[in-house]
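Peer 1: We have chain D already, so just place chain V on it with the hints.
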Amino acid sequence: MSEPKKTLIRGAKVLGGEPQDVLIDGGVIAQVGTGLSGDGADTVVEAGGKILLPGLVDLHTHLREPGREDSETVLTGTRAAASGGYTSVFAMANTFPVADTAGVVEQVYRLGQEHGYCDVQPIGAVTVGLEGVKLAELGAMHESAAAVTVFSDDGKCVHDAVIMRRALEYVKAFGGVVAQHAQEPRLTEGAQMNEGTVSAELGLGGWPAVAEESIIARDVLLAEHVGSRVHICHLSTAGSVEIVRWAKSRGIDVTAEVTPHHLLLTDELVRTYNPVYKVNPPLRTEKDVMALREALADGTIDIVATDHAPHPHEDKDCEWAAAAMGMVGLETALGVVQQTMVDTGLLDWAGVADRMSFKPAEIGQATGHGRPVSAGEPANLVLVDADYRGAVDPAGFASRSRNTPYEGRELPGRVTHTWLRGKATLADGKLA
Amino acid sequence: MMRHLISAADLTRDDAVLILDTAEEMARVSDRPIKKLPALRGRTVCNLFFEDSTRTRISFEAAEKRLSADVINFAAKGSSVSKGESLKDTAQTLEAMGVDAVVIRHGASGAPYRLATSGWIDAPVINAGDGTHQHPTQALLDAFTMRRRLTGPDAGIGQGLDGRRVTIVGDVLHSRVARSNVDLLHTLGAEVTLVAPPTLLPVGVETWPCEVSYDLDATLTKSDAVMMLRVQRERMNAAFFPTEREYSRRYGLDGDRMARMPEHAIVMHPGPMVRGMEITAQVADSGRCTAVEQVANGVFTRMAVLYLLLGGNEPAVTNTRTEETK
Numbered sequence: 001m002s003e004p005k006k007t008l009i010r011g012a013k014v015l016g017g018e019p020q021d022v023l024i025d026g027g028v029i030a031q032v033g034t035g036l037s038g039d040g041a042d043t044v045v046e047a048g049g050k051i052l053l054p055g056l057v058d059l060h061t062h063l064r065e066p067g068r069e070d071s072e073t074v075l076t077g078t079r080a081a082a083s084g085g086y087t088s089v090f091a092m093a094n095t096f097p098v099a100d101t102a103g104v105v106e107q108v109y110r111l112g113q114e115h116g117y118c119d120v121q122p123i124g125a126v127t128v129g130l131e132g133v134k135l136a137e138l139g140a141m142h143e144s145a146a147a148v149t150v151f152s153d154d155g156k157c158v159h160d161a162v163i164m165r166r167a168l169e170y171v172k173a174f175g176g177v178v179a180q181h182a183q184e185p186r187l188t189e190g191a192q193m194n195e196g197t198v199s200a201e202l203g204l205g206g207w208p209a210v211a212e213e214s215i216i217a218r219d220v221l222l223a224e225h226v227g228s229r230v231h232i233c234h235l236s237t238a239g240s241v242e243i244v245r246w247a248k249s250r251g252i253d254v255t256a257e258v259t260p261h262h263l264l265l266t267d268e269l270v271r272t273y274n275p276v277y278k279v280n281p282p283l284r285t286e287k288d289v290m291a292l293r294e295a296l297a298d299g300t301i302d303i304v305a306t307d308h309a310p311h312p313h314e315d316k317d318c319e320w321a322a323a324a325m326g327m328v329g330l331e332t333a334l335g336v337v338q339q340t341m342v343d344t345g346l347l348d349w350a351g352v353a354d355r356m357s358f359k360p361a362e363i364g365q366a367t368g369h370g371r372p373v374s375a376g377e378p379a380n381l382v383l384v385d386a387d388y389r390g391a392v393d394p395a396g397f398a399s400r401s402r403n404t405p406y407e408g409r410e411l412p413g414r415v416t417h418t419w420l421r422g423k424a425t426l427a428d429g430k431l432a
Numbered sequence: 001m002m003r004h005l006i007s008a009a010d011l012t013r014d015d016a017v018l019i020l021d022t023a024e025e026m027a028r029v030s031d032r033p034i035k036k037l038p039a040l041r042g043r044t045v046c047n048l049f050f051e052d053s054t055r056t057r058i059s060f061e062a063a064e065k066r067l068s069a070d071v072i073n074f075a076a077k078g079s080s081v082s083k084g085e086s087l088k089d090t091a092q093t094l095e096a097m098g099v100d101a102v103v104i105r106h107g108a109s110g111a112p113y114r115l116a117t118s119g120w121i122d123a124p125v126i127n128a129g130d131g132t133h134q135h136p137t138q139a140l141l142d143a144f145t146m147r148r149r150l151t152g153p154d155a156g157i158g159q160g161l162d163g164r165r166v167t168i169v170g171d172v173l174h175s176r177v178a179r180s181n182v183d184l185l186h187t188l189g190a191e192v193t194l195v196a197p198p199t200l201l202p203v204g205v206e207t208w209p210c211e212v213s214y215d216l217d218a219t220l221t222k223s224d225a226v227m228m229l230r231v232q233r234e235r236m237n238a239a240f241f242p243t244e245r246e247y248s249r250r251y252g253l254d255g256d257r258m259a260r261m262p263e264h265a266i267v268m269h270p271g272p273m274v275r276g277m278e279i280t281a282q283v284a285d286s287g288r289c290t291a292v293e294q295v296a297n298g299v300f301t302r303m304a305v306l307y308l309l310l311g312g313n314e315p316a317v318t319n320t321r322t323e324e325t326k
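Line order of the protein sequences matches chains D and V.
In this text, residue positions in the first sequence follow UniProt numbering: the first is 1, and each later residue adds one.
In this text, residue positions in the second sequence follow UniProt numbering: the first is 1, and each later residue adds one.
So here's chain D without its partners, still in its complex pose (with noise of 0.2 Å):
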């Protein structure tokens, strides 16, 4: 990877603002200002009016190794974040073994660090085996050369009150949260898709609203008993909103993740039986996108994470019932959110940045990251194109997996730069 000493970015929208160049210097950055100099510097990268962001961050990303490495790999998923702007991911816990003891979390801390394409924080397992009984040894993952300080069993729930009680409770000692996958287990059995109008018609078995929001009605409350804070991952509904809402008036200490999927696609794909519209939890209406929207441009959902997740092409080139739920995000995030959420008006720049860089960091205590642009900081740093309009081509995408939704979709934005401390992990729209 190339390490120049000093690169110069002329002319970059910081946060979208005026154009100001940015030196970057030894892995920070040294200036920000107008007219710098760009003698002396190994790299000048002529902005022209292109958007410069601090470097983006993924609460909630499946890198799948150890285990699925036929999917994603730590190496070929880091090299997707840094394609799509990521300096920093956070790897859940739910793969084979399950990241619930310290050597799995170092393993794949290890695997980000040598690799360098992008910062990787493990997700530690709540409980022993993502099985809801036990509760892992949340303390020694955090002690572990990866300080694990985000918890979730994502994927699955933790559906019995007490253990997720515990958890909350159990994790203050050492400042963690956990992230809650909310899906009401017994609502949810054999469901397939957004329970609703659409599942009524093609036959295929209900996920409903209310199997999310009646477990985050629980552990908000819960929460608030055990003064803890808890996360809440990939909130899809209308209703979810409005309880995260309610919670945060109350002065409960919750934060909450939209996924970009969920910001611009509604069951209605569901009628083409392509499995590669199948995601848990499932594509919503409307309704409910309007209303995430909407929440994550008041506040009230606190971020957006990818849910990247990928699947080898045969779990999805089937019939809907046998195929795998999940899509990969991390190279069509920001693109999404720029058309659902900048170019519709609702956010500008700087508050893309919040969303998706200062307040994943500051969640998951990213400590480098989600930082101002301003000299002294790391130099993390993404440099996207707003004006760029094209197809998503998945046959371009850095990921092990094409389980892309948007496949010859028109997405505006293309990140053209990644900067990780410094270093371009993406140059040019091309991988270091």
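Heads up, a few of these hints could be off.
Rough simulated footprint, nothing fancy, chain V against chain D, three-plus residues with beta-carbon under 8 Å [said to hold, decoys possible]: (1) 189-198; (2) 203-211; (3) 317-325.
Pair by pair, the computed Cβ-Cβ distance ranges are [what the hints assert, rightly or not]: (4) V:98 x D:67: 49 to 55 Å; (5) D:272 x V:41: 33 to 39 Å; (6) D:137 x V:242: 44 to 50 Å; (7) V:209 x D:48: 22 to 28 Å; (8) D:314 x V:218: 50 to 56 Å; (9) V:98 x D:393: 35 to 41 Å.
Worth flagging that the hints you see were computed from the coordinates, not collected in a lab.
Virtual Cβ for every residue (Gly too), placed ideally from N, Cα, C.
Peer 2: Positioned in the frame of chain D, the structure of chain V alone reads:
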């Protein structure tokens, strides 16, 4: 005519009436000493059944054989979902062997649609029932039965089921028969009412082109046809209803209830019947129950579908209805 038959909702009124009229021609052939037609001679049809269904499979097989098609039966129960060979590989294998059409029954909703639209194979696909989604030939044979009984074999030609009141009773939630019937009957102009306990109606049913009622007795007196759906006893274990007896009392069709139906009204059942559950033996064995007739009509209807999808432009039957009525 369309290339595939996946959903009853895809049929236009003209398509549906053409199929019913063609089925009427096929029914006439069955009165002949030799019941076989040469229409599909040299064509190979595969019955690809991923789910047990002796009745439907045999009905398709009979239809195919009466049209002189070569028939391959492929039972692959649970194949793909249980991680055996994939649906795609199975279908491509069959097509490589020169299959001209695939009749598919599958436990997964949407599997026939995937087969027809994913570019896996070129052959026409006929849905013989997919999950809880659709069973279009069942709806066609039901409509055919209603038209014959309520309008008449000759008088019905060219007609839909305009203004006919059809009540469908039972486990609508898990029923592809109900979904297909609501779609097709609506297309043909009938007025459909679904009757079930609220637990056995899907969320979203209010958007369907039909009425919904929880009260069977109130609906019976206004019905030209009452279609009873099979209710699996296991459903009560998932709390869809408390007991078999309570279900029967509230939603079962017995002699007393049948007596309150209009005199001309018929009782239908797609089979297999659970006697004593949704229908009593007295009703099932009465002259008003068309269950056995529906089985016979199933063969004619499936012959019509196969002929229209595969047979090209040649008339199926040489001495057509018009000649006979001359």
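Peer 1: Now tell me, hint by hint, if it's right for this structure.
Peer 2: Outcome of the hint check:
1. 189-198: The restraint on the segment 189-198 of chain D holds, since 5 of its residues have a Cβ under 8 Å from chain V and three suffice.
2. 203-211: holds (count 4)
3. 317-325: Held - the segment 317-325 of chain D has 6 residues with a Cβ nearer than 8 Å to chain V, which meets the minimum of three.
4. V:98 x D:67: 49 to 55 Å: Given range 49 to 55 Å: violated, Cβ gap about 42 Å.
5. D:272 x V:41: 33 to 39 Å: Because 37 Å falls inside the window, the suggested range holds.
6. D:137 x V:242: 44 to 50 Å: Distance hint for residue 137 of chain D, residue 242 of chain V holds at roughly 46 Å.
7. V:209 x D:48: 22 to 28 Å: violated, 56 Å
8. D:314 x V:218: 50 to 56 Å: holds, 52 Å
9. V:98 x D:393: 35 to 41 Å: Roughly 36 Å apart at Cβ, these two residues keep to the hinted range, so it holds.
Violated hints for the displayed structure, listed by number in ascending order: 4, 7.
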